[in-house]
Amino acid sequence: MRYLPLSQGDREQMLDQIGVQSIDDLFDDIPAAARLSDGLDDLPDHASEQMVERHLNQLSARSLNAGQAPFFCGGGAYRHHVPASVDHLIQRSEFLTSYTPYQPEIAQGTLQTLFEFQTQVAQITGMGVANASMYDGSTATAEAVLMAARITRRQGCVLAPGLHPHYGEVTRTLTETQGIQTKTMAPAINQDHQIADLITKETACIVVQSPNVFGQVIDLAPLAEAAHAAGALLIAVCTEVVSLGLLKSPGEMGADIVAAEGQSIGNALNFGGPYVGLLACRDDRKFIRQAPGRFAGQTVDANGDRGFVLTLSTREQHIRREKATSNICTNSGLCTLAFTIHLALLGDRGFRHLAALNHQKACALADQLDAIDGAQLLNQNFFNEFTLRLPKPATEVVESLAQRGVLGGIPAARIFGPGPLDDLLIVAVTETNTDDDMAEFAKALAEVL
Amino acid sequence: MAVHTQDRATRPAATDGTQRLSPALLQDEGLLFEVGNEHKCGVDLEALNEQPNRLGELARTSATGLAGLSEPETLRHYVRLSQRNYAIDLGLYPLGSCTMKHNPRLNEKMARLPGFADLHPLQPVSTVQGALGLMDELAHWLLRITGMNAVALSPKAGAQGEMCGMLCIRAAIDAKGELASRNRVLVPESAHGTNPATAAACGFVIDQIPANADGRVDMDAFQQKLGPDVAAIMLTNPNTCGLFEPDIKRIADLIHQHGGYFYCDGANLNAIMGKCRVRDLGVDAMHINLHKTFSTPHGGGGPGAGPTVLSNRLAKFAPVPFVTGDAGSSFGLVERGEQKGAADAFGRMCAFHGQMGMFVRALAYMMSHGGDGLRQVSEDAVLNANYLLARLQDVFSPAFCGTCMHEALFDDSFLDGTGVSTLDFSKALIDEGYHPMTMYFPLVVHGAMLVEPTETESLQSLDQFADAMLSLAQAAKDQDHDRFTQAPRTAPSLRLDETQAARHPILRWTANTE
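Which chain is which? The protein sequence lines are A and B, in order. So the mapping is simple: our numbering equals the position in the first sequence, first residue as 1, plus 8. So the mapping is simple: our numbering equals the position in the second sequence, first residue as 1, plus 65.
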């Protein structure tokens with residue numbers, strides 16, 4: 009077996025040194041009734057690299073991947089081009105096969121890149137500080153709500169109607185058990201501002217996504233004002249961080265905490281994971297002390313030279329146990345590294361150019377599709393994603409498009425469930441889409457409507 | 066889980082003037098924001114041919130401040146940084162409870178196949194049958210290995226898997242109408258910190274149970290704690306002392322008799338594959354760390370994956386989404402509560418279907434080993450740990466008598482009178498070319514050192530490590546203090562000041578920091 013270095017001779021010599029007769033003597037504590045005499049006989053035996061590769065290649069080929077079709081899906085996961093050097097660098101042994109940097113003297117590579125990551129996240133969100141990542145944008149949102157509840161000592165939470173419904177569900181699942189009460193309104197493309205009316209003196213936070221799940225860009229400033237006037241916090245959610253290259257940052261608009269999905273930068277679609285949740289907040293001790301997850305911080309070594317360590321861990325589960333701010337321990341290390349390297353390659357110039365390119369292409373496609381008989385563009389404004397009203401259920405339309413080899417967006421009903429939004433189709437465009445892709449999509453959509 | 070330095074000296078001792086070595090292959094490297102600037106860019110993008118603006122009044126008016134680099138500069142910056150990391154590929158990584166085993170590169174290659182990596186989670190289900198098939202196969206393997214009835218694949222990491230299991234238990238208690246009265250969760254004091262943190266996050270009250278002198282659950286104390294308000298016990302098995310709980314079946318029976326549930330922390334599954342099935346131990350829910358047992362890379366702290374296996378009693382409470390159907394027909398995906406089969410689902414753990422990239426790697430790992438190889442993995446893991454225990458036990462102080470499972474636990478009594486602490490000892494190990502073991506955990510052992518070599522170490526590698534450990538122990542007895550208090554001397558940084566980092570937090574670069 010290629011991954012196991014011990015020979016039979018080694019094993020015998022080692023048993024001898026230990027002073028036992030057989031390997032089973034080391035498993036004596038397993039209750040006799042529970043011991044497996046035949047091992048895992050009902051599973052196949054070990055397989056060569058070739059055999060494994062053959063099988064998984066077959067499975068892989070059974071799907072229609074995004075590279076095989078004009079592709080326009082978004083809804084919280086976006087297909088962007090990731091430079092080849094990103095994937096090369098994250099596969100360096102020293103990054104790929106290291107553990108959480110608990111021994112900082114031999115983990116400066118990971119710690120410095122986390123410090124760079126935290127800085128980049130703070131820069132693009134316009135916030136004071138950021139942590140070392142969460143699992144994904146939805147769990148970052150739930151943790152942000154819990155954080156807001158601790159800071160304000162309130163239990164109410166208002167979710168905007170344009171919040172991705174999966175983010176809403178995750179937030180409810182992960183916060184209800186801690187006494188958080190969430191309120192929301194019926195989903196709508198451009199009603200987010202009305203949640204100001206739901207704020208009460210029990211409200212810890214309002215959660216507003218921009219661009220929202222329908223692609224609409226939301227002005228957070230009036231909502232920040234309304235929240236602050238009532239002593240509540242504004243949590244800004246962003247599922248497409250490339251938009252931050254072209255839009256005013258949540259920090260500029262008064263957000264107190266930002267929860268975002270960072271997958272767009274450096275990370276593949278991966279059928280939904282692994283992704284990288286971003287969590288940024290005001291540079292305020294009270295906020296930082298209540299934040300979940302890990303922070304890398306700057307310090308000095310015994311010579312006074314700069315170095316980095318994990319810090320402020322007195323908030324965390326391995327020290328505080330049941331009093332910790334969160335049960336999270338690991339984060340999305342390698343995904344943060346991919347994010348950091350991709351963003352280093354882009355820099356300010358590239359990041360803003362990339363965002364402008366996404367917007368330009370989205371505007372072009374929106375106009376093409378809006379011109380199709382029966383299709384109606386519903387957004388007044390948007391970044392790289394928009395919503396169309398169709399003359400028939402969008403689920404059927406998307407299936408018909410797939411049969412024509414076009415992955416033409418996400419039916420709102422897929423994420424909201426069947427009902428009044430059945431005729432809405434959410435379409436995303438990125439720099440990966442060519443003019444030909446867009447023309448093919450428009451042609452196919454016109455045919456199936 | 067690896068280190069617990071709270072209340073211990075985290076400030077370096079004054080140096081003896083030794084400068085750390087700065088070999089030719091380890092160049093100094095500034096921060097990205099010092100080596101790059103906002104004008105540089107390492108990506109060529111399609112030219113902009115028009116500048117539409119449908120952003121309302123919300124266009125960005127200021128620069129981001131992001132620093133950029135050309136591609137060659139980027140490579141150099143991050144390769145130089147990488148050289149400041151220890152890694153499994155460089156040497157034995159004996160972090161107890163972390164299972165730092167070899168990461169096969171086949172798995173990396175497979176995870177990047179476009180039918181897995183270039184799939185959108187919300188594509189039509191008809192276009193993702195291969196991915197759903199892979200999830201179904203992974204589930205099959207996990208269920209055969211554990212003997213359990215169902216598995217929730219979506220939890221993103223071990224701690225989220227714990228939460229998934231505990232939320233299933235909470236839902237089951239709620240379904241019986243007992244939520245108000247049944248709210249106490251028993252957690253051994255040797256447990257991972259995530260266990261009490263998870264139970265608390267699920268709304269339960271934590272009640273600690275002590276360990277006995279043998280490092281196992283104190284059965285008398287456990288029985289005294291049982292009552293109608295007990296919701297569950299959260300127990301790691303093999304436990305965090307590296308020992309199998311021999312009374313585990315009795316613990317399960319007793320908790321069930323009192324109407325509670327048995328949550329097993331699966332962090333140490335690597336010790337028992339093919340030797341027993343957790344179902345036969347009476348477990349109701351257990352998360353599986355794919356990044357430990359099934360070798361998906363730790364990546365400097367994630368991403369992990371924590372699928373949670375469930376007993377029949379809990380299966381229907383599993384969260385959405387989940388895969389339905391089988392290879393004979395076509396696969397479906399249940400994503401919302403109103404869909405068939407999801408009426409009792411407790412909710413949703415994450416935005417999409419879980420860590421697909423980790424699922425592919427874990428399945429490639431399992432297929433490569435096969436049922437026969439997985440049993441060999443556990444046998445070799447336990448053999449390697451016991452071999453180290455045997456080689457070290459005359460000089461070091463094993464925390465408990467007898468053999469261990471996949472990790473060997475020592476206390477710090479072998480350092481009595483030497484003036485060397487567990488922390489100093491482990492830092493000195495860095496100068497011997499090793500990553501330190503897990504230290505000061507579990508909390509039930511004074512100055513704990515928890516050593517988990519894993520099955521992917523050769524006999525030669527184990528002997529070299531044992532020799533290094535023994536020579537360090539001798540140096541401690543010989544009062545060679547500087548070798549410990551000044552350690553590490555040969556790492557990319559000397560001992561770092563964690564106290565200063567916490568007292569004066571600098572969490573990001575700013576233009577005027579330096």
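Some clues are possibly wrong.
Subject to a maximum C-alpha distance of 35 angstroms in a straight line, what follows is the list of computed DSBU-like cross-link-like pairs (lysine-lysine) [as the list claims (entries may be wrong)]: (1) K331(A) / K314(B); (2) K400(A) / K405(B); (3) K191(A) / K241(B); (4) K241(B) / K331(A).
Just so you know, the hints here were simulated from the structure itself, not pulled from any lab data.
Each hint, compared with the structure:
1. Using a Cα cut-off of 35 angstroms, the hinted pair K331(A) and K314(B) holds, with the two alpha carbons roughly 30 angstroms apart.
2. This hinted pair checks out: K400(A) and K405(B) have alpha carbons roughly 24 angstroms apart, not beyond 35 angstroms.
3. Proposed proximity of K191(A) and K241(B) is supported: the alpha carbons are some 27 angstroms apart, at most 35 angstroms.
4. Using a Cα cut-off of 35 angstroms, the hinted pair K241(B) and K331(A) holds, with the two alpha carbons roughly 28 angstroms apart.
Violated hints: none; the structure is consistent with every hint.
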